[in-house]
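Novice: Residues per chain are reported as follows:
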Amino acid sequence: MAASLSISPNPSFTSPPKISHPLSPLPHSFKFPATTPQTPINSLSLRPPRASFAAPRAAVSQSSSSFSSDATATFHGVCYVVGDNIDTDQIIPAEYLTLVPSNPAEYEKLGSYALCGLPSTYATRFVEPGEIKSKYSIVIGGANFGCGSSREHAPVSLGAAGTAAVVAESYARIFFRNSVATGEVYPLESEARICEECRTGDVITIELGKSRLINHTTGKEYKLKPIGDAGPVIEAGGIFAYARKTGMIPSRSA
Amino acid sequence: MASSAIAPTSAHFINNKELSLSALSPSSPSISVQRCKRTAKMSKKISSVMSPQQFERKPATTGSVKTGMTMTEKILARASEKSQLRPGENVWVNVDVLMTHDVCGPGSFAIFKKEFGHDAKVWDRKKIVIIPDHYIFTSDELANRNVDILRDFSIEQNIKYFYDIKDLSNFKANTDYKGVCHIALAQEGHCRPGEVLLGTDSHTCTAGAFGQFATGIGITDAGFVLGAGKLLLKVPPTLRFVMDGEMPDYVLAKDLILQIIGEISVSGATYKAMEFLGTTVESLSMEERMTLCNMVIEAGGKNGVVPADSTTFKYLEDKTSVPYEPVYSDAQARYLSEYRFDISKLEPLVAKPHSPDNRALARECKDVKIDRVYIGSCTGGKTEDFFAAAKVFLASGKKVKVPTFLVPATQKVWMDVYTLLVPGSGGKTCSQIFEEAGCDTPASPTCGACMGGPRDTYARLNEPQAS
Numbered sequence: 001m002a003a004s005l006s007i008s009p010n011p012s013f014t015s016p017p018k019i020s021h022p023l024s025p026l027p028h029s030f031k032f033p034a035t036t037p038q039t040p041i042n043s044l045s046l047r048p049p050r051a052s053f054a055a056p057r058a059a060v061s062q063s064s065s066s067f068s069s070d071a072t073a074t075f076h077g078v079c080y081v082v083g084d085n086i087d088t089d090q091i092i093p094a095e096y097l098t099l100v101p102s103n104p105a106e107y108e109k110l111g112s113y114a115l116c117g118l119p120s121t122y123a124t125r126f127v128e129p130g131e132i133k134s135k136y137s138i139v140i141g142g143a144n145f146g147c148g149s150s151r152e153h154a155p156v157s158l159g160a161a162g163t164a165a166v167v168a169e170s171y172a173r174i175f176f177r178n179s180v181a182t183g184e185v186y187p188l189e190s191e192a193r194i195c196e197e198c199r200t201g202d203v204i205t206i207e208l209g210k211s212r213l214i215n216h217t218t219g220k221e222y223k224l225k226p227i228g229d230a231g232p233v234i235e236a237g238g239i240f241a242y243a244r245k246t247g248m249i250p251s252r253s254a
Numbered sequence: 001m002a003s004s005a006i007a008p009t010s011a012h013f014i015n016n017k018e019l020s021l022s023a024l025s026p027s028s029p030s031i032s033v034q035r036c037k038r039t040a041k042m043s044k045k046i047s048s049v050m051s052p053q054q055f056e057r058k059p060a061t062t063g064s065v066k067t068g069m070t071m072t073e074k075i076l077a078r079a080s081e082k083s084q085l086r087p088g089e090n091v092w093v094n095v096d097v098l099m100t101h102d103v104c105g106p107g108s109f110a111i112f113k114k115e116f117g118h119d120a121k122v123w124d125r126k127k128i129v130i131i132p133d134h135y136i137f138t139s140d141e142l143a144n145r146n147v148d149i150l151r152d153f154s155i156e157q158n159i160k161y162f163y164d165i166k167d168l169s170n171f172k173a174n175t176d177y178k179g180v181c182h183i184a185l186a187q188e189g190h191c192r193p194g195e196v197l198l199g200t201d202s203h204t205c206t207a208g209a210f211g212q213f214a215t216g217i218g219i220t221d222a223g224f225v226l227g228a229g230k231l232l233l234k235v236p237p238t239l240r241f242v243m244d245g246e247m248p249d250y251v252l253a254k255d256l257i258l259q260i261i262g263e264i265s266v267s268g269a270t271y272k273a274m275e276f277l278g279t280t281v282e283s284l285s286m287e288e289r290m291t292l293c294n295m296v297i298e299a300g301g302k303n304g305v306v307p308a309d310s311t312t313f314k315y316l317e318d319k320t321s322v323p324y325e326p327v328y329s330d331a332q333a334r335y336l337s338e339y340r341f342d343i344s345k346l347e348p349l350v351a352k353p354h355s356p357d358n359r360a361l362a363r364e365c366k367d368v369k370i371d372r373v374y375i376g377s378c379t380g381g382k383t384e385d386f387f388a389a390a391k392v393f394l395a396s397g398k399k400v401k402v403p404t405f406l407v408p409a410t411q412k413v414w415m416d417v418y419t420l421l422v423p424g425s426g427g428k429t430c431s432q433i434f435e436e437a438g439c440d441t442p443a444s445p446t447c448g449a450c451m452g453g454p455r456d457t458y459a460r461l462n463e464p465q466a467s
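Those protein sequences? They're chains X and L, same order as listed.
Counting with this note's numbering, you get residues 1 to 254 for the letters of the first sequence.
Counting with this note's numbering, you get residues 1 to 467 for the letters of the second sequence.
The hints are simulated quantities; they were obtained by calculation from the structure and are not laboratory data.
Do not rely on the hints blindly, as some may be mistaken.
[What the hints assert, rightly or not] To give an idea of the chain L side of the interface with chain X (calculated C-beta under 7 Å), a few residues:
hint: 1; residue: V103
hint: 2; residue: A110
hint: 3; residue: E115
hint: 4; residue: H118
hint: 5; residue: D119
hint: 6; residue: W123
hint: 7; residue: L142
hint: 8; residue: N144
hint: 9; residue: G218
hint: 10; residue: I219
hint: 11; residue: D221
hint: 12; residue: K302
hint: 13; residue: A449
hint: 14; residue: G453
None of the values given here were measured: they were computed from a predicted structure.
Glycine included, every Cβ here is placed at the ideal spot set by N, Cα and C.
Turn these sequences into a full structure, and let the hints guide you.
Specialist: Pasting the structure below:
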């Protein structure tokens, strides 16, 4: 379905890569010999994001992201860089949650508000005023991306704005799950703390098959957490497709 | 301050080949096992196999005990019809209650219809609870429309528990309307030990106070549950928090959880269950236990649980006729790590902007000027929260210096604020004490400005108010 989005070049990269990191890393000060593992992602889908919603995602083929459908899928585009603990209220502020993602017009509007809750210290905005889509198809973040309220509107708004993938050090559980369940964005994990080394506006290529992220602007390459055994659910194309495949729910009458 | 970890002895984390969904979780089984290998000794009270059980109960509701399981593992084992579960396993879990509200209901219903068909029926009309509560007292047309969508769906599907509101000018005219979903769920008897409750809201974890598994999900997952009545969940490893000692004056459950989040950070429990026990927890009322579990998500946790006891059973006495069966952690259950706190030494705490783990002692902030006060929400808008605030006003005898907004969580809390007498006040209600102190009149029950919401939301701050 959404498999073959054409490689549309990203708009000009003229805007200066200027971004501050107002959110400092978390002080993980354990008084106790804690064994809490900051564990990595162990598998990710190789498939393209899948439309969970009737019209919207399919209608996003004019999106600035680009990816192909097979195991060698790559994303290419300019990135938008944020810091640690980006919560869902910064991704999509609560006042816009009256918008229902399954309504195509409201889906598009959600996209136009994506990441608008970031503080004004983010001088370069993710979606320019008056625009519907973002020119940044890849979001790069720090630790605990998508924490806070469980609103599925968060990955939806990113997807609606044209984001193909988020690359972060780690994710909050519900955001990660919602990203997979909706297929709106790929929640990828980086091995290094690349949010410190990439700047908003850098040109990025992500090669899923090789678990590799290339920053063409700086010439550096980074390893992503290995894509392990892709879960059968994602393989099937999301929770509904999986359930149909296994006979848990009846096939939809066409 | 002893802390220890007992490891799962086997690397048998993901054994369910058929359903393996490791993709849904960034936790790596192999690493968990390695890290947990140092099998330190747990505290005597809980780890010793010889220690007597504290109360009589059936050995295991899920079959014979081969390997010890935590409460969370046991609840999920029963709900997935398995005798044994380990952290990391992915299992299809039967859902006892699905809750949704005006923010996520419309999207969930749309996905349900798209995927199961326009004429599809929900899996069980008695197991779905629909609670409008977020954006209610507003003239925002989309917000109003979303409540209409809840109503239409509830009528169409003959949903048994829909707490409707039609007359926005006077909430009391709506006898069905409750208010904040997490508090209403408890007050209406939908929270029961041993069960699985899913909700389209991160604070669904509040219900863990009843010794059940409760967690927040997205609208796609909710759309699936609406039709199928089950959901694929990964069994979380459990962090164990033992809190002993008497609570000092003015220390509340909010202080307990802020203390914990301050220790483990806002991602310290990501993908994990948090189990709360100890003499302090045993002494807490149900509302206080709800506060404790409510903020599990602020530590990134998947769920929080407090073992059900006589306090739980008493609370439930007149609220539900549904039979339930509590489960308890085995003495040999395995925990990822354990934290111990001497609560008798705890002081009142605050979380400073802009993060719940930015912990400080209240007295360290005594010179910080505040601009406004808001008492409400699922964490802080229960009857006992208003009693606690009233006691502070009584003790100080002073008037407020900044705008002070009061938003009871539910109709029942609102009634309590206006009718229950505060001990030691000479026969005054909370509302009288608040009025004398110069607070704003208690507002209509809703999530209100805690969530933000449309611009005309009561107590919402629409312009920056920096100090």
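Novice: Take the shortest C-beta to C-beta distance between L/W123 and chain X; is it under 7 Å?
Specialist: 10 Å, violated
Novice: May I ask you to test the interface hint for L/D119 with respect to chain X, counting a Cβ-Cβ separation under 7 Å as satisfied?
Specialist: 10 Å, violated
Novice: Holds or violated: is there a CB of chain X closer than 7 Å to the CB of L/E115?
Specialist: 5 Å, holds
Novice: So, L/N144 near chain X? Judge it on the closest CB pair being under 7 Å.
Specialist: Cβ of L/N144 sits 9 Å from chain X, so the hint is violated.
Novice: With chain X as the partner, please determine if L/D221 meets the hint condition of a C-beta pair closer than 7 Å.
Specialist: 6 Å, holds
Novice: Using 7 Å as the Cβ threshold, decide whether L/A449 counts as touching chain X.
Specialist: Check failed: Cβ of L/A449 comes no nearer than 10 Å to chain X, outside 7 Å.
Novice: Is the interface hint for L/G218 satisfied, with its Cβ closer than 7 Å to some Cβ of chain X?
Specialist: 4 Å, holds
Novice: Hey, does the L/I219 contact hint survive, CB to chain X under 7 Å?
Specialist: OK, holds: L/I219 within 7 Å of chain X, min 5 Å.
Novice: Quick one, is the L/V103 hint okay against chain X at 7 Å, beta carbons?
Specialist: 5 Å, holds
Novice: Quick one, is the L/L142 hint okay against chain X at 7 Å, beta carbons?
Specialist: 4 Å, holds
Novice: Please check whether L/A110 passes as an interface residue: C-beta within 7 Å of a C-beta belonging to chain X.
Specialist: 3 Å, holds
Novice: So, as I understand it, the hint says L/G453 touches chain X; can you test that by seeing if any CB pair is closer than 7 Å?
Specialist: 6 Å, holds
Consistency note: the structure conflicts with the earlier hints numbered 4, 5, 6, 8 and 13.
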